[in-house]
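Could you put together the complete structure from these sequences and hints?
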Amino acid sequence: MLEIKKLSKCFDDLEVLRDINLSVSKGEVIVIIGPSGSGKSTLLRCVNLLEQPTGGEILYLGQDITCLGKKVTDYRKHVGMVFQKFNLFPLKNALENVMYAPVKLNKVSHKEAREQAMELLRKVGLESKADTYPAALSGGQQQRVAIARALAMKPEILLFDEPTSALDPELVGDVLEVMKQLAGEGMTMIVVTHEMGFARDVADRVIFMDGGYIVEEGVPCDIFTQPKNERTKSFLARVL
Amino acid sequence: MELHFKKALDTLGPSLWGGIGIVLFITLAGFACALAVALLVAVGRLSKIKILSRILAIIIELVRGTPLLVQFFYIYYVVPILLNSILSLFGYDTNIQLEASTCGIIGFAINYGCYMSEVIRSAILAIDSGQREAGLALGFSENKVLFHFIMPPALRNSVPVFGNYLVMLIKDTSLLAMISVQELLLRTKTYASQTFLTVEAYTILALVYLCLSIPLSYLSRMVERMLKRAR
Numbered sequence: 001m002l003e004i005k006k007l008s009k010c011f012d013d014l015e016v017l018r019d020i021n022l023s024v025s026k027g028e029v030i031v032i033i034g035p036s037g038s039g040k041s042t043l044l045r046c047v048n049l050l051e052q053p054t055g056g057e058i059l060y061l062g063q064d065i066t067c068l069g070k071k072v073t074d075y076r077k078h079v080g081m082v083f084q085k086f087n088l089f090p091l092k093n094a095l096e097n098v099m100y101a102p103v104k105l106n107k108v109s110h111k112e113a114r115e116q117a118m119e120l121l122r123k124v125g126l127e128s129k130a131d132t133y134p135a136a137l138s139g140g141q142q143q144r145v146a147i148a149r150a151l152a153m154k155p156e157i158l159l160f161d162e163p164t165s166a167l168d169p170e171l172v173g174d175v176l177e178v179m180k181q182l183a184g185e186g187m188t189m190i191v192v193t194h195e196m197g198f199a200r201d202v203a204d205r206v207i208f209m210d211g212g213y214i215v216e217e218g219v220p221c222d223i224f225t226q227p228k229n230e231r232t233k234s235f236l237a238r239v240l
Numbered sequence: 001m002e003l004h005f006k007k008a009l010d011t012l013g014p015s016l017w018g019g020i021g022i023v024l025f026i027t028l029a030g031f032a033c034a035l036a037v038a039l040l041v042a043v044g045r046l047s048k049i050k051i052l053s054r055i056l057a058i059i060i061e062l063v064r065g066t067p068l069l070v071q072f073f074y075i076y077y078v079v080p081i082l083l084n085s086i087l088s089l090f091g092y093d094t095n096i097q098l099e100a101s102t103c104g105i106i107g108f109a110i111n112y113g114c115y116m117s118e119v120i121r122s123a124i125l126a127i128d129s130g131q132r133e134a135g136l137a138l139g140f141s142e143n144k145v146l147f148h149f150i151m152p153p154a155l156r157n158s159v160p161v162f163g164n165y166l167v168m169l170i171k172d173t174s175l176l177a178m179i180s181v182q183e184l185l186l187r188t189k190t191y192a193s194q195t196f197l198t199v200e201a202y203t204i205l206a207l208v209y210l211c212l213s214i215p216l217s218y219l220s221r222m223v224e225r226m227l228k229r230a231r
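From first to last, the protein sequence lines are chains W and Y. For the record, in the first sequence the residue sitting at position 110 is 110 according to my numbering, with numbers rising by one throughout. For the record, in the second sequence the residue sitting at position 124 is 124 according to my numbering, with numbers rising by one throughout.
Wrong hints could be hidden among the right ones.
As the list claims (entries may be wrong) - Computed spacing ranges between beta-carbons, pair by pair:
hint, chain 1, residue 1, chain 2, residue 2, range
1, W, His194, Y, Leu227, 37 to 43 Å
2, Y, Leu28, W, Ser109, 34 to 40 Å
3, W, Thr132, Y, Tyr77, 57 to 63 Å
4, W, Met118, Y, Leu98, 55 to 61 Å
5, Y, Leu227, W, Glu170, 29 to 35 Å
6, Y, Ile20, W, Asp12, 56 to 62 Å
7, W, Asp168, Y, Asn143, 33 to 39 Å
8, Y, Asn143, W, Cys67, 17 to 23 Å
9, Y, Asp128, W, Asn229, 33 to 39 Å
10, W, Cys67, Y, Tyr218, 52 to 58 Å
11, Y, Leu227, W, Ala166, 24 to 30 Å
12, W, Ser36, Y, Leu210, 55 to 61 Å
Quick caveat, the hints were computed from the structure, so don't treat them as lab data. All C-beta atoms, glycine included, are put in the ideal place defined by N, C-alpha and C.
See below:
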């Protein structure tokens with residue numbers, strides 16, 4: 001459903017992504033790993049055009065989305081994103097965070113949006129925190145609300161940008177649990193993470209990036225047990 | 001020296017009551033207009049249209065670089081002449097005159113609007129860029145993101161500073177005496193020159209200003225605390 005062809009991205013003179021080719025089919029869970037500065041996050045942010053690619057194309061359902069102009073907002077409704085720092089709206093409680101976009105953008109009725117939002121909060125195990133403001137939630141809880149918020153727009157693809165990197169180690173598990181559940185339900189996901197356990201257990205395909213290139217890609221057991229590339233080997237040797 | 005506060009209060013008091021009405025009206029109207037101007041200018045300053053941002057920056061410099069009193073004089077005496085002569089170029093023979101208190105409100109709107117726009121602008125810039133990205137990722141457009149997710153917390157964070165400006169503004173209405181607005185200072189001045197109760201009259205005037213500004217600054221502190229508690 002998503003096809004990335006010869007994608008490149010430069011910040012001034014700095015080439016961050018070079019010749020990225022990647023296709024994602026429906027229901028697939030793709031995990032991107034790699035050292036800091038390898039371009040993982042930039043790639044993810046290019047997929048929903050938070051960064052405008054400098055070259056190449058991204059086809060969503062056959063249509064190139066890099067030149068949509070103002071219609072990019074319609075495309076973004078189909079692509080949810082979960083951020084490293086959660087980015088919840090601080091003046092809205094958990095429930096309002098989740099139901100705000102459907103009400104404002106999809107003209108869903110208040111009542112219907114509310115029910116749907118409660119359903120999503122239940123799904124991420126935070127029904128009881130509906131009235132709580134982000135400042136009073138733990139990092140793990142905030143991230144789960146953020147996942148519910150992304151799901152509220154009923155996206156076709158979910159992007160996760162290091163969703164557990166800003167969390168205390170003991171809170172990581174709850175968030176990963178929710179992500180596993182989503183993967184089990186057939187959600188198409190692209191996940192940038194340093195959680196190798198998650199990558200091994202949940203990913204359909206693992207992509208290793210370094211220096212702006214996709215260095216190696218394959219099913220998790222191949223990548224983790226018999227990486228072909230030297231760079232992949234040394235990276236995994238250090239993180240595993 | 002003999003002081004006649006009782007007498008001064010009895011005779012000056014009613015006149016000051018009338019002045020307070022005018023001062024409050026100009027303060028509220030001026031502040032409301034200034035807020036509107038500030039919002040528009042702040043958004044314009046941050047817009048991607050370079051020329052608009054540049055022009056607004058120059059206007060802000062001009063306004064901040066000249067005294068408020070001079071601006072009042074300019075609006076009251078110069079602007080009508082300019083308007084009339086421009087209109088006469090198009091063959092209209094007009095005699096536009098601006099009422100002094102209207103000039104006051106316009107002057108406050110422009111002057112305080114420019115100062116407060118910088119407050120709003122920096123408050124907007126202080127909002128974490130993650131808020132914008134979260135809004136965009138949900139499918140909001142840039143403009144909607146500004147309206148729904150950036151402006152509300154930015155304005156909220158600006159409230160304490162707005163409170164200060166409001167207190168400053170109510171005191172600055174005394175400048176309007178110079179362009180013949182019948183506010184507190186002008187009334188007191190007239191009274192003092194007629195009765196020679198100079199000490200009494202100006203002391204009462206100072207106290208009246210205190211009675212106006214102290215509750216106002218107390219109120220703004222209360223609002224500030226309320227906002228803090230709600231978070």
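To see whether the hints hold, each was checked on the structure:
At roughly 38 Å, the beta carbons of W/His194 and Y/Leu227 sit within the given window of 37 to 43 Å. In this structure, Y/Leu28 and W/Ser109 meet the distance hint of 34 to 40 Å, their C-beta atoms being roughly 38 Å apart. One distance hint, 57 to 63 Å for the beta-carbon pair W/Thr132 and Y/Tyr77, holds here, with the actual separation near 59 Å. Here the CB-CB span from W/Met118 to Y/Leu98 is close to 57 Å, well matched to the stated 55 to 61 Å.
For the pair Y/Leu227 and W/Glu170, the beta carbons lie near 34 Å from each other, so the given range of 29 to 35 Å is met. Taking the beta carbon of each, Y/Ile20 and W/Asp12 are about 60 Å apart, inside 56 to 62 Å as hinted. Judged by the Cβ atoms, the range 33 to 39 Å given for W/Asp168 and Y/Asn143 holds: they are separated by roughly 37 Å. Between Y/Asn143 and W/Cys67 the Cβ separation comes to about 21 Å, which falls inside the hinted range of 17 to 23 Å.
Checked against the hint of 33 to 39 Å, the pair Y/Asp128 and W/Asn229 passes, with Cβ atoms roughly 37 Å apart. Look at W/Cys67 against Y/Tyr218: about 57 Å separates their beta carbons, and that is inside 52 to 58 Å. The hint said 24 to 30 Å for the Cβ distance between Y/Leu227 and W/Ala166, and at roughly 27 Å that hint holds. In this structure, W/Ser36 and Y/Leu210 meet the distance hint of 55 to 61 Å, their C-beta atoms being roughly 59 Å apart.
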